[in-house]
Amino acid sequence: MSPEYFASPADPDTLSRLRDRLGLAAEAEGLLDVAYTTIDSPVGTLLLAATPKGLVRVAYDIEDHDRVLDTLALRISPRMLRAPRRLETAARELDEYFSGRRRIFDLSLDLSLSKGFRQLVQRHLPEIQYGQTRTYRQVAELAGNPKAVRAVGTACATNPLPVVVPCHRVLRADGALGGYVGGPDAKKALLNLEAAA
Amino acid sequence: MGKRMKPPFEKVVAQHGGTVLRVCRVILGIHDAEDAWSETFLAAMRAYPDLPDNANAEAWLVTIAHRKAIDVLRAGKRQPQPVGEVPEAPTGLGVPGSGDGDLWQAVGALPEKQRQAVAYHYVAGLAYAEIAEILGGTTDAARRAAADGVKNLRKNYLRATTEGTPS
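For the record, the sequence lines run as chains C and U. When we follow this note's numbering, the leftmost residue of the first sequence carries the number 1, and every step to the right adds one. When we follow this note's numbering, the leftmost residue of the second sequence carries the number 1001, and every step to the right adds one.
Keep in mind that the hints are not guaranteed to be accurate.
So the derived list for chain U, only partly shown, Cβ under 7 Å to chain C, looks like this [said to hold, decoys possible]:
| no. | residue |
| --- | --- |
| 1 | K1006 |
| 2 | F1009 |
| 3 | L1042 |
| 4 | R1046 |
| 5 | Y1048 |
Since the hints were made in silico from the structure, they are not lab data. Glycine included, each C-beta is placed from N, C-alpha and C at the ideal position.
Same shape as in the complex, but just chain C (with noise of 0.2 Å):
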């Protein structure tokens, strides 16, 4: 016998039921601040994140999920657990869309990663209809306050809910794509898909 006999690792799958047990008691205990999960999509992995009042972030790969985690514990609460039993619907929906059979996300949103002019406007994104483009001094109109086009695009370029707050229709006066969270290709194809549909 010796004592590097107890080094050996648990087994994955105990674990793995472990964790999962936890997710659920967390929930039922009102521990779970932020729940997320992962998705495969058209545009890459897709991190979702929620909290009890509902999806509070969608983030592309190229945004680095595990930096988006790190800034998500921080501004919101460090108690998180991946538990995709939380993102079930947000999930279901995403993959609806993706395949062309969903125009409007019927999910409960969790804005409060923006403050102010920011989140008046991803309020307001919502109403530019599924298929549908706006120049970002369109969208400035829409808020309330038709200077504010370079605003527009700070708020679009920080919308933390890529997709589902559909900030991909809003383009440049000239027709150009203007900018992405998500980058180019995936504006594009986002677009693409709408107009196909």
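With the hints as your guide, set chain U onto chain C.
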């Protein structure tokens, strides 16, 4: 980077979950270990926002696991004991069923403090000073308990395996 960040709790579970499970198994046996693990991480998650950023997460988790295991052991002791059992002997050790049953029986037969010292030092890798804080008592006493524990394990486990081997 400026302000220190507390990692998401998921990372704490991923990093230390296996070690805490092994500690619980040594202290409680394979069956009760899972309940102790669950209660440890649930309690840890509740307290996590108040954990100082520079704290040693593993020592903190083992301290919580220690308390949860004591709860389980006490609950077990309140139950009626089989006739003829030595009162000091720990009970309820499950056998992993991997052919190492003798070792686990030998671990289960250790006095409680030796078993804890072995688990916290050899499984969790805590320093004896940290173990002394968990168990109460001096660093030397913690070191001695771990050494005695390993000595007893070696003696009892070797005896058991020798007896089981045809000569």
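For each hint, the structure was consulted:
1. Annotation: K1006 of chain U was flagged as interfacial toward chain C, and the flag holds, the nearest CB pair being 4 Å apart, inside 7 Å.
2. Annotation: F1009 of chain U was flagged as interfacial toward chain C, and the flag holds, the nearest CB pair being 5 Å apart, inside 7 Å.
3. The restraint placing L1042 of chain U at the interface with chain C holds, with a minimum CB-CB distance near 5 Å, inside the 7 Å limit.
4. For R1046 of chain U, the interface hint holds, since its Cβ comes within 7 Å of a Cβ in chain C; the closest pair sits about 6 Å apart.
5. For Y1048 of chain U, the interface hint holds, since its Cβ comes within 7 Å of a Cβ in chain C; the closest pair sits about 6 Å apart.
Checked against the numbered hints given earlier, the structure satisfies every one of them.
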